[in-house]
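Generate the whole structure from the sequences, applying the supplied hints.
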Amino acid sequence: MKEEKHLMKIKTLVLILAVCTPLSAFADNVGQCGWGSKLFDGQQGIAPQVLAVTTNGTSGNQTFGISFGTSGCTQKGIVKSAWKTAAYVDANMNKLARDMSRGQGESLDTLASLLNVTSNDKEIFASALKANFNQIFASDSVTYETVLASLRNVLVENPALAGYATSL
Amino acid sequence: MRITFYCFIIPCWFCLLVLQNNANASPDALPESQLRDSTNNQISAQSYLDELINNVNNSALHLDPQWRALLHADLSSIALWEKSLIDGKAFFLSPNGKTDFHGELLATLRAFFATEPMNDNHPQCKFPARFKWLKNKLQIDDGQIPHPTCSELQEWYTALNPHKLVLVFPSSFLNNPASAFGHTLLRVDSLSGNSSAPLLSYAINYSADTKDENALLYAAKGIFGGYEGFFSIGPYYKKVTQYSDIENRDIWEYELKFTPDEVSFAILHLWEILSISFDYYYFDDNCSFLLLSFLNVMRPSLDLTKNLPPWVIPVDSIRAIAKNQSVTTQSMIAKKIFRPSNATILRHRLNESSDQVKNLALDIAKNPDFKHFLESNSSTLEDVEPSSLADELTNEQKAEALELAFERLSYYKLSAKEVVKEEDRLHALAILRERSNIPVTLPTPNVPTPSISPELGHKTFKVGALVGYNDDSNLFHEYNLRPAYHDLLDPKEGFSLGSEIQFFDLRLRHEEERSLSIESFTPLKIVSLSPKNHLMNPISWKLELSFERQIIENQNDPMFFLSNVKFGQSWQIKNLISYALLGPSAEIARHTKSDVTLGTSGEAGIIVQISNSQDLILSAQANRFSIGESYSSYKLESTYRITLSSDIALRILARKQYGFHHSKLETGLEVDFYM
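In order, the protein sequences belong to chains H and L.
Sequential numbering of the first sequence, starting at 636, is according to this note's numbering.
Sequential numbering of the second sequence, starting at 12, is according to this note's numbering.
There's no promise every hint is true.
Claimed, not checked - Each computed DSSO-like pair below joins lysine-lysine, with the alpha-carbon atoms no more than 30 Å apart: (1) L:Lys536 - L:Lys646; (2) L:Lys604 - L:Lys646; (3) H:Lys757 - L:Lys347; (4) L:Lys334 - H:Lys673; (5) H:Lys719 - L:Lys347; (6) H:Lys673 - L:Lys377; (7) H:Lys715 - L:Lys137; (8) L:Lys536 - L:Lys553; (9) H:Lys757 - L:Lys585; (10) L:Lys543 - L:Lys604; (11) L:Lys553 - L:Lys470; (12) L:Lys317 - L:Lys334; (13) L:Lys432 - H:Lys673; (14) H:Lys715 - L:Lys175; (15) L:Lys432 - L:Lys382; (16) L:Lys347 - L:Lys377; (17) L:Lys148 - L:Lys109; (18) L:Lys317 - L:Lys347; (19) L:Lys536 - H:Lys719; (20) L:Lys347 - L:Lys470; (21) L:Lys675 - H:Lys673; (22) L:Lys268 - H:Lys719; (23) L:Lys585 - L:Lys553; (24) L:Lys143 - H:Lys715; (25) H:Lys719 - L:Lys346; (26) H:Lys715 - L:Lys424; (27) L:Lys585 - H:Lys719; (28) H:Lys757 - L:Lys470; (29) L:Lys604 - L:Lys675; (30) H:Lys719 - L:Lys424.
Said to hold, decoys possible - Computed footprint of chain L on chain H; a stretch qualifies when at least three of its residues, placed anywhere within it, have a C-beta under 8 Å from a C-beta of chain L: (31) 713–725; (32) 728–739; (33) 762–772; (34) 792–801.
It should be emphasised that the hints constitute simulated quantities derived from the structure, not laboratory data.
C-beta atoms are modelled at their ideal positions from N, C-alpha and C, and glycine is treated no differently.
If you want it as structure tokens, here you go:
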């Protein structure tokens, strides 16, 4: 019993350490940034903080939820540049999925902007993402990390777009 | 030997003594000359500061409009004494800064000369806009003032990279009283790519922190104060998701003509007020008022908050910016962009789609196992004409149907506040997968922009005069006063179709048997008619709280209070909107057997949009009361309205009412002015 408890403690400790030590750009930051939207989830992720009293226009907690504090990922409401793409994908998963399936849309265009895709490459970018939709949105439980990882793979596999993979 | 001793040892000993004394005095004691210099520096710094203070006092700099704007001096029409709109103590460097602008200016100037801390907590870093202005105004010598390192501010400002400001107006959202008049916020665009990706800009928002209280408490606190307001900043895409996708509100984006320098200054000022608390009142000092106060900081000569009506509605704040009161007669609005909501886009697409595609979309949206619908042309809906078996679905049709189906599923199942069901998420994903398999890109829906933008609609305050006849062939005059906002018969351009919000509508009538008296007083009336379409079935509703006259023979039509709420549906075919509503009703009166009478009220009507400037509404209302008193009442009404100019309209009406075993017929001609 005691040994089990010790083991659990160690495991938890390791887990905490793993989350807290900054590794790659987006690998371990669910805890740090407080994100974790799931596809089509009504209220998870960044959105709920905005939707705290969701139907209120002029009232309700319209603060963006992350505007007053400074975490590793934001500073007084501004998302740090290293996190811009991750934050965007996390907050816009539904619309990105929708736009990707159609091969067009403002949310998709905005993602292209974040990755500095040139206007010449925009069409190839859109069609590549649409063709690999099933790979990028592999299941309904994808998170922004898996989406970005799959996206990077898709870009790398396409010679015309491989250069953009480094932004991810 | 003795000479050596006296000439060598003793002077050395003396030197050592002197050195030791100096060492004891201060470990880092400077040589006296340097000491004199640094004291001189301190004296000169102090005297330089004194010089500047004299300058400030002599020029009465605290009266400078820019200083008053930076302090958010209250210039509203009901301001009784000089004070700042800001409450939060962290904003003021002097204890009475909220009311003593002179003292605050002096305290600010002194604070900028502080020699510590030399980081982001230094007043220069905490009040960069004040510093920039004062430094320039007083021509403060760079060599005489400390230079703290404001790294946090630098990082934040660089990330924002401000260049242009856009005023954002999500239109009214009737399902929540706070949003009944819409909302205003600002967007900061940077120089580079944001014209192609406005979603990546940041939005500045002012709102109250209501902590999710119940509606009644919220209403009371909101109206009488009791909430604190805050400015906050965050990604614009979050606001678009909230307003456009979830609340289904159309958004208007007004690009403002402030220069990049002015915008830069506004952002420095934003740093000063982020997370500082303001007084918040729903009818005054609300989001629109505070936003204007914020814009005023960039160009105080605009006097944006002066001469505002006591009730500041968002659209009125846009009007204040559109027709600015400064010397130039140019509007401060450079460009207007219409951003339709998800629901608006969907309604447009449905108008353009064939029935076949719409039925298919419904099938796909309703059945998780939908693939077989795409194989053939079959439909489970009964009211669809049997299609020819020779017809095959084109890829375009399949793509359209799948996209529409996703929108419908999204609207009903994914935007819900509760946790989304796993089966619905899988269903949605399956639809998207299927869509991604179709190698067709549909043309972008070309949603028409409304003929005019909201600030060009009729103005908020209505004054009307009516002349009419009742069935005794007696002439009567009626006068109408309504502070806000819009009813179904007001000129419709610039407003959401089918929406009505009336606050404190007062009608005074003078007829033969009765001198000028209140005919009706309606504290509140809200109507929301959302036509049902192939894929969406929203609820239409009406809420009414009103004092009216009961029609009783020989009893001088006594007043009573009615309250009712009705729910139902509305439909739209071309330019006709029809509706049917039903709901509980309560009447409080002194002339009935019991004070309170309860019953049911039903209403049906048709709105005929004859043209952009002409509308006709025919309506029938029936009330049946059974608890407290047993009686029925009816009203048949037909009103025609023609818009004569942007703020003048004419109505012709006919009304037949049955009350307490008595009926009344009235016809009239009304002229309405909006101001």
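Among the hints numbered above, which are violated by the structure, and what are their numbers in rising order?
4, 9, 10, 16, 19, 21, 26, 27, 28, 34
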